[in-house]
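> In terms of the UniProt record's numbering, the sequence shown is residues 1 to 324.
A few of these clues could be false.
Unchecked claim - Below are the SDA-like pairs computed for lysine to any residue, each with C-alpha atoms no more than 20 Å apart in a straight line:
| hint | residue 1 | residue 2 |
| --- | --- | --- |
| 1 | Lys26 | Lys73 |
| 2 | Lys177 | Gly91 |
| 3 | Lys314 | Glu285 |
| 4 | Lys217 | Lys270 |
| 5 | Lys119 | Arg154 |
| 6 | Lys292 | Val315 |
| 7 | Lys314 | Gly204 |
Hints are computed from structural coordinates only; laboratory data are not their basis.
Treat the numbers as computed from the prediction; the structure is a model and nothing was measured.
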Amino acid sequence: MDNKRKDELGSLFVFNNKYSNKEFEKVTIQELVFLIYTIRVFKEKEILKNYDYDTKIITFTKVLINKIKLTKKLYIAYDKNTKYPYLDFQGRAWIFSEKEFADKAEEYFNKEETFLQMKELINLNVMNEFGKLHYLGIEKVIIDNGQYNIEINRNDILPPPDYSNIPARKIPVMNPKLQFAMIYFFQYAYSGKNYKNKAEVIRGLEANMLEEVLRAKFLLPIKLESDNIGIDSNGANVVEKGSKVNFTVIKDKDSLRWLPAFTDWYEFNKAFDKSKLKSSICSFEDILTISKNLEGIVINCNGLALKIDENNRKVIMEFMENKK
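Please model the entire structure based on the sequences and the hints provided.
Laid out in structure tokens, this is it:
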């Protein structure tokens with residue numbers, strides 16, 4: 001954006017209160033971010049007297065949110081190691097309004113040993129990606145990092161689903177806090193980049209992840225010898241007494257047997273066809289018991305797989321003891 005265009009935007013929207021929605025149609029996402037940035041700077045420095053800064057910021061932000069919702073193309077930064085959205089130190093995903101901005105950010109941060117890969121979002125995939133951010137527990141997004149940028153709330157683009165009138169058995173299992181904690185931990189654990197207090201940071205991220213593992217409810221793929229499934233007083237599915245349940249087991253390349261567990265249907269569907277298998281909802285203590293004769297547990301085996309073998313089990317048991 002050159003100075004001439006900045007002056008045009010200033011004349012049209014900053015120093016003028018008579019503008020229409022149609023005039024905003026010609027303004028890009030980056031230009032709207034520039035306008036919001038400009039008004040905030042003016043407000044901070046009190047450049048204009050008797051100026052309604054807040055109304056301008058609210059107006060421009062609403063237009064920006066709507067433009068993002070309707071856009072046909074965006075780019076989101078993924079971490080090359082985790083294959084999940086990259087999270088910065090504030091826990092924000094990075095989204096770019098133009099390929100040029102995405103490419104510049106990728107080039108710059110790759111030189112800084114933060115290895116990114118840009119994912120292009122086209123048409124319906126734009127909103128689908130914001131939907132995925134709900135599963136992944138990513139609440140904040142920064143638009144156009146490296147240019148004029150702005151932080152927005154994911155919920156302003158796509159509010160969370162409302163399950164208040166949905167029976168318990170139909171509410172999908174989700175563990176956004178655990179997903180977020182796993183992404184954060186593995187991103188920094190896999191990174192070869194060195195920085196101050198790295199080991200301490202990773203230990204803190206690991207502790208937070210284990211905390212969420214203990215709180216989570218997991219989906220386990222099962223096979224039933226009959227379809228004797230009832231509904232309890234809360235509307236949840238329950239297996240009838242006497243029914244035989246076979247928990248699905250997977251093998252690794254060394255033929256070792258593991259119990260697969262999933263944080264949500266998004267991860268479940270990467271590994272299994274839910275139309276061919278039932279599922280059981282279990283706590284972490286449940287899956288420890290179920291897996292006692294196996295090599296261990298794998299959480300999200302086709303995603304950011306967290307393997308809990310005998311050694312990791314001991315670490316978690318010690319963590320549980322220390323929490324008491």
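> For each hint, tell me whether it holds in the structure or not.
Structure-based check of all given hints:
Note on Lys26 and Lys73: the hinted pairing holds, with a Cα-Cα distance of about 16 Å set against a maximum of 20 Å. For the hint pairing Lys177 with Gly91, the CA-to-CA distance comes to about 12 Å; that is within 20 Å, so the pair holds. Pair hint Lys314 plus Glu285 holds up; C-alpha atoms about 13 Å apart against a cutoff of 20 Å. About 18 Å separates the Cα atoms of Lys217 and Lys270, which keeps this hinted pair within 20 Å; it holds.
Restraint check: the Cα-Cα separation between Lys119 and Arg154 comes to about 18 Å, which is no more than 20 Å; the hinted pair holds. Of the supplied pair hints, the one linking Lys292 and Val315 holds, its CA atoms being roughly 16 Å apart against a limit of 20 Å. Proposed proximity of Lys314 and Gly204 is supported: the alpha carbons are some 18 Å apart, at most 20 Å.
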